[in-house]
Each structure stands twice: as structure tokens, then as C-alpha cells.
Amino acid sequence: RYQRRVHGKYLLMRILKCYFCSSPIYPGHGITFVRNDCKEFHFCRSKCHKLFKGKKNPRKIRWTKASRVMRGKELVGDAVNEFERRRDVPVRYSRTLVMKTIQAMKRIEEIRQRRVRRLWVKRMMAVKQQKTKALEKELEKHPNLVTNETLKRIALENREKEEEKKKEKAKQSSGLMEVEEV
5 RYQRRVHGKY LLMRILKCYF CSSPIYPGHG ITFVRNDCKE FHFCRSKCHK
55 LFKGKKNPRK IRWTKASRVM RGKELVGDAV NEFERRRDVP VRYSRTLVMK
105 TIQAMKRIEE IRQRRVRRLW VKRMMAVKQQ KTKALEKELE KHPNLVTNET
155 LKRIALENRE KEEEKKKEKA KQSSGLMEVE EV
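Here the working numbering is used: position 13 in the sequence shown is 17, and no number is missing along the way.
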């Protein structure tokens, strides 16, 4: 939050979130659109405003937070995110409360960073497994690319097993067809 001094008094300035992409909007920045039913939409830049007016779905636009959450690239549903919610409950100032709050904020940020890192590692493991499967398929198709003789022999054996399985499936499906005709 920002503070601004006006006529000897400090006013709290709120950091808003963009309705379209969920990025922060600092005081003095962004666009506010007010619909006929008095609902306010805050946008961080004209790009988001234009996409909103064009009735684009933020979940289908890859750079938005909604899209990243939908594709599993962002941490969602985590208890740490509950602390970031907006609360309009006034609390009496206390120095010890402020100190504890600041310490808690640092601790929460550490926890968030660890969880984000864990999510990233989990995602990268899945990507690594997909790449290894793709490489194995490529080697099965083209065993002559392998220079090591033992690996080449294994790839050829796997290829032969796959071909035998395909032949058995073809026989079973043709056998079923004959039974249906009778």
C-alpha cells in the first residue's frame, strides 16, 4: 500500500489488481471502466482493456494469470494465498502487532517461494518423462541412430515385440469380425 499526504493527513492508496490479467495496478496507473450497472473494472494497461472490450476470455490468452492457473503453471488453492486477500477491517495500531505482522509476512513469503519451487520441480519432472518417452519412441523407429551395440540390440528387440503385439491385435480383431458375421 502507498501513503500519500493530502492537507496534512495521510491517505492510504490501494494497489488494485487488473480484472483481465491479475497484475498489480499502482496508484496513478491503469484504466477504470465503469459499466452501466456501476460495476468497476480496473485494467493495468490498454492491452487488457482492449481485450476485455473485445470479449476475449482471459483463460484462453496464454500470458494471463487465469491461463497459467488453468494450465497448472501457477500455485492455486494454497493457504498462503489467503493472506493476500483484501480486508477492510480497521485494526488499532500497535507497534508489537506491526513487528509481528512484518515477521509473518517474511515467513509467508519464504513458504510461498518453497511451494512455488516444489511446483516447478514437479512440472519439470513430468516434462522430463515426456522427453524420455519421445526419445525412446524415436529410437524404436530408428535403431540405426544408436552407436552403442547393446542399446541398438535392445531397441531392435523392443521394436520386434511391438510388431508382434500389433499382429496379435489385428488377428483378434479379425477373429471377432468373423464371429459377428456367422
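Certain hints may be false.
[What the hints assert, rightly or not] Once the Cα atoms are required to be at most 20 Å apart in a straight line, the calculated PhoX-like pairs of lysine-lysine come out as:
#1 K51 / K64
#2 K126 / K145
#3 K141 / K175
#4 K77 / K132
#5 K54 / K64
#6 K69 / K57
#7 K145 / K171
#8 K57 / K21
#9 K141 / K126
#10 K132 / K104
#11 K135 / K171
#12 K69 / K21
#13 K104 / K145
#14 K59 / K21
#15 K175 / K165
#16 K137 / K126
#17 K145 / K156
#18 K156 / K175
#19 K69 / K110
#20 K51 / K110
#21 K43 / K57
#22 K43 / K21
#23 K141 / K104
#24 K156 / K77
#25 K110 / K137
#26 K169 / K137
#27 K135 / K145
#28 K64 / K43
#29 K57 / K77
#30 K54 / K43
Please keep in mind that the hints were generated in silico from the structure rather than gathered at the bench.
Okay, the hints, checked on the actual structure:
Taking the CA atoms of K51 and K64, the gap is about 15 Å. The hint holds against a cut of 20 Å. At roughly 29 Å between alpha-carbon atoms, K126 and K145 are farther apart than 20 Å, so this suggested pair is violated. Straight-line distance between C-alpha atoms of K141 and K175 comes to about 24 Å, which puts the hinted pair past the 20 Å bound. Restraint check: the Cα-Cα separation between K77 and K132 comes to about 16 Å, which is no more than 20 Å; the hinted pair holds.
Using a Cα cut-off of 20 Å, the hinted pair K54 and K64 holds, with the two alpha carbons roughly 15 Å apart. Proximity of K69 to K57 is assessed by CA-CA distance (about 18 Å); at most 20 Å being required, the pair is judged to hold. As the CA atoms of K145 and K171 are separated by approximately 17 Å, the hinted pair is consistent with the 20 Å bound. A hinted pair counts as satisfied when its Cα atoms are at most 20 Å apart, and K57 with K21 qualifies at roughly 18 Å.
The hinted pair formed by K141 and K126 fails the criterion: a straight-line CA distance of about 23 Å is larger than 20 Å. For the proposed pair K132 and K104, the alpha carbon gap of about 42 Å is over 20 Å, so the pair is violated. Between K135 and K171, the direct Cα distance comes to roughly 28 Å. Violation of the 20 Å bound is thereby established for this hinted pair. With a C-alpha separation of about 11 Å, the suggested pair K69 and K21 falls inside the 20 Å cut-off, and the hint holds.
Simply put, K104 and K145 have alpha-carbon atoms about 62 Å apart, too far for the 20 Å limit, and the pair is violated. As the CA atoms of K59 and K21 are separated by approximately 19 Å, the hinted pair is consistent with the 20 Å bound. Restraint check for K175 and K165: satisfied, since their Cα atoms lie roughly 15 Å apart, inside the 20 Å limit. Under the criterion of a C-alpha separation no larger than 20 Å, the hint pairing K137 with K126 is consistent with the structure, at around 17 Å.
Under the criterion of a C-alpha separation no larger than 20 Å, the hint pairing K145 with K156 is consistent with the structure, at around 11 Å. Taking the CA atoms of K156 and K175, the gap is near 29 Å; set against the 20 Å cutoff, the hint is violated. The straight-line distance between the Cα atoms of K69 and K110 is roughly 23 Å, outside the 20 Å bound, and the hint therefore fails. The straight-line distance between the Cα atoms of K51 and K110 is roughly 33 Å, outside the 20 Å bound, and the hint therefore fails.
Simply put, K43 and K57 have alpha-carbon atoms about 15 Å apart, close enough for the 20 Å limit, and the pair holds. Only pairs whose Cα atoms come within 20 Å are accepted, and K43 paired with K21 is accepted, the gap being roughly 15 Å. Our distance criterion of 20 Å between C-alpha atoms is broken by K141 and K104, whose separation comes to about 56 Å. Pair hint K156 plus K77 does not hold up; C-alpha atoms about 37 Å apart against a cutoff of 20 Å.
About 41 Å separates the Cα atoms of K110 and K137, which puts this hinted pair outside 20 Å; it is violated. For the hint linking K169 to K137, the alpha-carbon distance of about 19 Å falls within 20 Å, and the restraint holds. A C-alpha spacing of about 15 Å is found between K135 and K145, which places the hinted pair at or below 20 Å, so the restraint holds. Between K64 and K43, the direct Cα distance comes to roughly 23 Å. Violation of the 20 Å bound is thereby established for this hinted pair.
The suggested pairing of K57 with K77 is violated, with an alpha-carbon distance near 26 Å, which exceeds 20 Å. The hinted pair formed by K54 and K43 meets the criterion: a straight-line CA distance of about 17 Å does not exceed 20 Å.
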